[in-house]
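Asks: Let the hints inform the model, and build the full structure from the sequences given.
Which chain is which? The protein sequence lines are A, B, C and D, in order. Going left to right, the first sequence walks through residues 1 to 223 as the working numbering numbers them. Going left to right, the second sequence walks through residues 1 to 588 as the working numbering numbers them. Going left to right, the third sequence walks through residues 1 to 248 as the working numbering numbers them. Going left to right, the fourth sequence walks through residues 1 to 246 as the working numbering numbers them.
Be aware that a few hints might be false.
Capping the alpha-carbon separation at 25 Å, the derived lysine to any residue pairs in SDA-like fashion look like this [stated by the list, open to error]:
no.	chain 1	residue 1	chain 2	residue 2
1	B	K446	C	P49
2	C	K131	D	T224
3	A	K85	A	K185
4	D	K42	D	H183
If you're looking for bench data, these hints aren't it; they were derived computationally from the structure.
Residues per chain are reported as follows:
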Amino acid sequence: MSQATAAAMSPPFPAERGVDVYNKKLGMWIFLASEVMFFGALIGSYVILRFGAPGDWARPGVVLNIKITAFNTFLLICSSVSMVKAYAAIADGDPKNMRFWLLMTILGGACFVGIQVFEYIHLVERGFLPSGVRDGSELAEMVAKGTIPGATMGLYGSTFFTMTGFHGFHVTCGVLSMLYLYLTKALPGKFTTQDYAGIEVVGLYWHFVDLVWIILFTIVYLV
Amino acid sequence: MSTAAATAHAGHAHHDDRSFVQKYLFSTDHKIIGIQFLFLSLFFLLIGAILSLQIRWQLAFPGQPMPGGKLLPESMAAGGVLLPEYYLQLVTMHGTFMVFFAIMLLLVGVYANFLIPLKIGAHDMAFPRINMASFWSAVVAGLVMLSSLFVTDGSPRAGWTMYVPLSARHDYSGASLGQELWSISIIFFGLSSVLGSLNYITTVINNRAPGMTWFRMPLSVWALFITAILGLLAVPVLAGAAIMLLFEQILGTHFFDPSAGGQVLLWQHLFWFFGHPEVYILILPAMGMVSELVANGSRKPIFGYHSMVFAICGIAFLGWIVWGHHMFVSGMNPTLGSSFMVTTLLIAVPSAIKVFNWMGTMWRGNLRFHTPMLWGIGFVAMFTIGGLSGIFMAATPVDMYIHDTYFIVAHIHYVLVGGSLFAIFGGIVFWYPKMFGRMMNETAGKVHFWLTLILYNCVFFPMHIIGMAGHMRRIYDPTIYDFLKPVQHWNVFISISAFLLFGTQIIFFLNFWLSMFWGKKAALNPWEDNGLEWSLPSPAPHGNWDTPPTVYRGPYEFSVPGASEDYIPQNKKLPTDREPALAPAHGD
Amino acid sequence: MSGWLPAQASSFAPQIDGMFWAIMIITGITFVLVEIGIVWFSFAYRGRPGRQAHYTHGNGTAEIIWTAIPAVTMVILGLVSNGLWTQFKGRNSVPADAFPIEVHAKQFEWWVTYTGADGKFGRVTNDSISKTNPTGIDHSDPASNDDIVVRNQLHVPVGKPVVVYLSSEDVIHSFYVPEFRVRQDVVPGMQIKQWFVATVPGTYEIACSQLCGLGHYKMRAQVYVQTQADFDAWMQQQAEKAKGAPTS
Amino acid sequence: MRTLGSVAAVGAGLLVWALGGPMFAAAPTGAVDGATVSGKVKLVGKPAANPAIDMSEEAKCAAKYTTPPHEEIVTVGAGGALANVLVYVKAGLPADAKYPVPSTSVVIDQSGCTYHPRVFGIMVGQTLEIKNSDPLLHNIKALGKKNRPFNISQPAAGMTTTRTFTAPEVMLPFECNVHGWMHAYAAVLPHPFFATTGPDGSFSIKGLPPGTYTLEAWHEKYGTQTATVTVAGAAAKTADFTFTAK
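Replies: In structure tokens, the structure reads:
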């Protein structure tokens with residue numbers, strides 16, 4: 001960060017030395033700490049429930065479609081990269097590139113949410129619900145045949161939909177806030193090399209959401 | 001960059017041209033938000049108190065029609081006689097309102113907002129608009145919780161700790177929508193709390209006035225800062241648990257459903273992982289404020305400032321690893337119980353340091369018994385009882401007997417009423433001039449203090465006795481138990497004292513409202529205190545300072561030998577003081 | 001003094017009461033010292049014209065002393081507590097010869113099952129629970145044939161270790177007998193053991209001490225501590241009664 | 001709170017008056033005169049023994065009994081007459097017919113820790129008065145599937161609570177969790193053509209309009225039996241049911 005940028009992003013009045021991070025960025029870091037605790041509670045509960053479950057968990061890939069979600073994961077990682085690109089572009093004083101990469105990030109996030117909605121619809125059609133397996137559905141037949149263990153499907157549904165649902169909610173919030181930045185700041189050209197705190201702060205959030213997804217993808221889909 | 005509003009107003013802080021709505025309703029000014037929180041939380045304090053009076057009526061006179069009980073609908077009281085399901089609603093809502101919406105908002109909402117920027121010499125919070133959002137989500141949370149009293153089947157009734165499966169299954173509890181409103185309200189409350197906390201932390205870290213180094217910060221700011229960290233990290237866990245509970249209620253998930261492999265104790269672990277830091281959220285700010293009150297009233301520097309700070313940090317740290325002491329008899333692995341017992345007992349150490357240091361502060365002082373000092377001393381005396389009674393339940397074998405009895409009820413009320421609420425009363429009197437520009441009446445304040453102190457002990461001390469006799473919590477009618485018959489007269493005594501205690505609060509109520517209009521006009525520094533807030537006019541103007549104050553010393557320089565007065569404000573420049581170095585961004 | 005706590009009727013009671021009063025003495029001394037100190041300081045150092053407060057920021061020695069004393073006290077307390085705790089609740093603390101009784105809690109009743117003559121409990125399953133079979137005994141298990149089920153009464157022989165197997169059908173309850181100083185939450189989905197030795201014959205009360213719903217306060221049962229002879233006679237009587245009853 | 005309630009009640013009343021007025025004005029399809037179907041319900045085979053109730057820890061209830069109390073699941077009189085069977089018209093009534101709701105309420109009494117009556121019918125919208133005659137706590141948990149479930153308590157003698165049901169449901173079980181043996185069953189019906197058999201096993205359904213009906217008899221332990229009857233005018237018809245003990 002250039003000297004000029006640092007000045008623009010520091011408090012407008014003299015202050016005792018804190019940490020050398022401007023308020024919005026510090027605020028976002030602190031907010032992310034609380035998000036860690038939130039997802040920690042959900043993921044921790046999942047781990048505890050899964051280890052204490054009465055019987056085996058359904059094998060990976062039987063209920064959930066790994067391939068499409070792997071693609072979705074790839075998409076989200078790409079959007080993290082494009083976010084970095086947008087940040088680098090504006091830091092280098094290239095608003096045009098920044099707009100392009102920001103738009104790409106928004107599109108990547110939106111596609112992710114879209115695919116997740118599609119996945120949910122598909123799962124519900126097959127009979128996978130937050131409360132477990134719907135009677136008379138395709139999955140219910142698989143339970144009857146013993147392809148998937150019925151005893152743990154309730155827990156599977158509860159934890160899967162809660163964790164991925166709240167992650168999806170976070171992605172949606174991220175997409176909306178980026179869209180807001182794009183329309184109110186990026187398009188009118190309000191981001192300058194002097195001041196691009198919005199990009200950096202939302203970027204932090206976006207990387208965090210990405211990181212959470214990688215954890216979720218691993219423990220929910222692959223293990 | 002940090003705050004558009006603060007920047008815009010920094011230049012003309014004393015020429016306030018905002019509309020009424022901007023100024024008082026959707027205000028971004030931390031002081032107005034603090035005062036909004038004050039009105040909101042005092043309202044919920046009143047609601048919580050009214051609920052507790054009904055509990056007390058039932059316990060003292062079970063089965064007899066309550067005066068005014070006929071005003072309640074048939075689903076709550078039949079012919080004025082409270083029904084068991086309504087009694088459980090009272091117990092649940094009393095706890096919920098008092099813990100979340102009265103004490104927590106009074107300490108963290110009111111004082112963190114009002115005091116942090118004033119005491120560290122900042123124009124406002126780091127994020128004034130987020131601060132406003134925090135207040136309004138607290139309002140939404142409170143209204144949702146309140147509305148549960150009026151929905152079909154009534155409010156939640158699984159106790160404020162909402163133990164599953166009772167809270168998750170309507171067929172077990174008899175509640176319906178009310179139970180879900182609790183979860184929804186707590187989710188909003190969590191949002192409010194996180195938004196507030198991140199604001200307080202950022203502000204304390206980055207927006208301190210020049211010279212306000214970490215170890216020149218007043219203990220109240222230290223306490224509020226550490227509390228904010230606790231809130232930031234603990235409340236999201238509760239929100240996560242509340243979301244699971246809500247899904248359990250409306251989507252039929254199985255997190256806590258043993259018949260589908262869910263775990264009942266998981267809720268308790270999540271709740272108390274939040275809940276125990278929460279206990280310290282409810283007491284640390286009170287400890288911080290009492291440090292201010294006692295130092296000011298003793299006209300002496302706080303005894304052992306550094307160990308006070310480390311004690312706050314120590315309590316906060318230990319607070320994370322003791323949650324299991326709420327679960328000694330819950331069926332948790334007893335070996336875990338042993339380790340939780342050890343950490344719990346250790347908390348007695350920093351607590352003891354604090355009590356002894358307050359006494360050390362009074363030792364050889366020059367005591368001024370103004371109302372805030374009385375509340376401060378009252379706090380130390382009462383918190384000691386609450387702290388000591390905690391040792392009984394920390395010892396696992398004894399806890400096996402007194403767990404879930406009135407001994408616990410006595411303990412929590414000694415900490416939260418004799419502790420937190422006493423400090424809050426003291427704080428209201430102390431900072432009232434800075435909030436409203438007028439003084440509260442001292443005579444009325446002292447009468448209120450003494451009556452409250454006496455009646456408070458009449459209410460809560462006998463609870464130890466009935467707790468020792470084995471009196472269970474949340475019991476609708478103790479008289480059906482033979483082993484409780486010998487102590488039933490104590491229930492009558494407690495209840496009558498409780499009604500009188502409630503009556504006594506009318507003095508405070510009148511003093512609070514009348515002083516706002518007819519109180520004595522407050523001078524700049526009526527308590528002759530050192531804090532930065534006392535360098536501002538009363539009430540403090542929007543934007544606080546035109547130019548930020550410079551801090552030259554710690555906050556407790558009272559009775560310095562050779563000084564002209566017995567206090568030296570933090571921003572008073574003496575010839576020997578050097579200018580502090582500024583933040584590097586400006587120094588370059 | 002002992003009148004404050006209920007009568008002692010189990011082998012745990014004297015130990016827990018001893019611990020209780022020991023803590024009472026420690027905290028009592030602290031309490032008196034602190035409160036006397038506060039009153040004394042308030043009087044001795046009250047503000048007077050011309051009085052100057054002693055200017056000090058603290059005293060390291062004093063602070064170390066009043067940190068160390070509570071710390072040492074707490075460690076000792078922890079060690080003593082842990083010894084008793086392991087004895088009462090430890091996973092392997094139940095004596096091998098303890099007399100087994102199943103206690104099944106449901107809103108808002110206690111159902112108590114005895115093994116009968118064969119010394120074995122019949123299998124219980126959640127699916128077997130019905131309106132006429134509150135504890136869910138699986139009658140296809142021959143061991144269940146002589147099981148004795150009673151409602152809201154727990155008979156135990158005096159002076160003999162008894163272990164209760166606690167289970168719950170619906171919500172969390174808590175098995176609490178004040179005179180025994182025994183309390184254990186009863187958690188659905190878990191079976192929790194709690195043992196005790198009743199020492200004084202008599203009638204006591206079981207109270208549910210964990211909020212379990214609108215009938216929580218009415219979830220009361222009686223404990224009859226009986227001499228071995230009385231207990232055997234009662235068992236015999238119940239066994240005969242059970243024979244005549246339908247096994248629907 | 002109460003004011004709010006009364007305002008809401010007045011408002012709701014006005015709404016019902018405005019919307020429902022004309023409907024009430026229309027003459028109900030002949031529920032006063034009409035045919036009568038009566039009959040007897042019998043049980044063949046050895047009736048199952050009723051389980052004894054262990055009321056020893058509820059002295060105030062136990063005192064109301066001279067003989068050891070049993071759960072009255074199967075009550076058989078002389079000649080196998082089976083009581084507590086609910087007989088009702090299951091099918092055959094015109095789908096759009098509306099029947100006036102009786103202004104009298106159905107009373108269910110809790111006395112001696114037992115429900116009286118144990119089996120009863122009630123119309124949709126008719127008031128159910130729940131009464132406690134025992135000086136101790138009962139809770140009343142109604143586990144309706146189509147009706148809103150409720151779970152309320154009556155801690156003292158003399159308390160009454162009223163409830164109404166909004167949807168037909170056969171059968172809607174009641175239970176008391178303080179006394180696990182307490183059970184009752186209500187048939188919530190959209191019409192008044194139902195009856196419960198007495199100790200002599202007889203029932204009588206009055207005022208049936210002409211038509212062919214399917215009658216169902218429901219017993220708590222022995223399940224259901226159906227019969228078809230055709231009635232015309234004010235004729236009296238007989239329909240007997242026989243349950244077989246398994």
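Asks: Are K131 (chain C) and T224 (chain D) close enough, with their CA atoms no more than 25 Å apart?
Replies: holds, 19 Å
Asks: Does H183 (chain D) sit within 25 Å of K42 (chain D), going by the straight-line distance between their CA atoms?
Replies: OK: K42 (chain D) and H183 (chain D) at ~22 Å, within 25 Å.
Asks: Does the alpha-carbon distance linking K85 (chain A) and K185 (chain A) stay inside the 25 Å limit?
Replies: holds, 17 Å
Asks: Within a Cα-Cα threshold of 25 Å, do K446 (chain B) and P49 (chain C) meet the stated pairing?
Replies: Within the cut-off at roughly 21 Å; holds.
The structure shown violates none of the earlier numbered hints.
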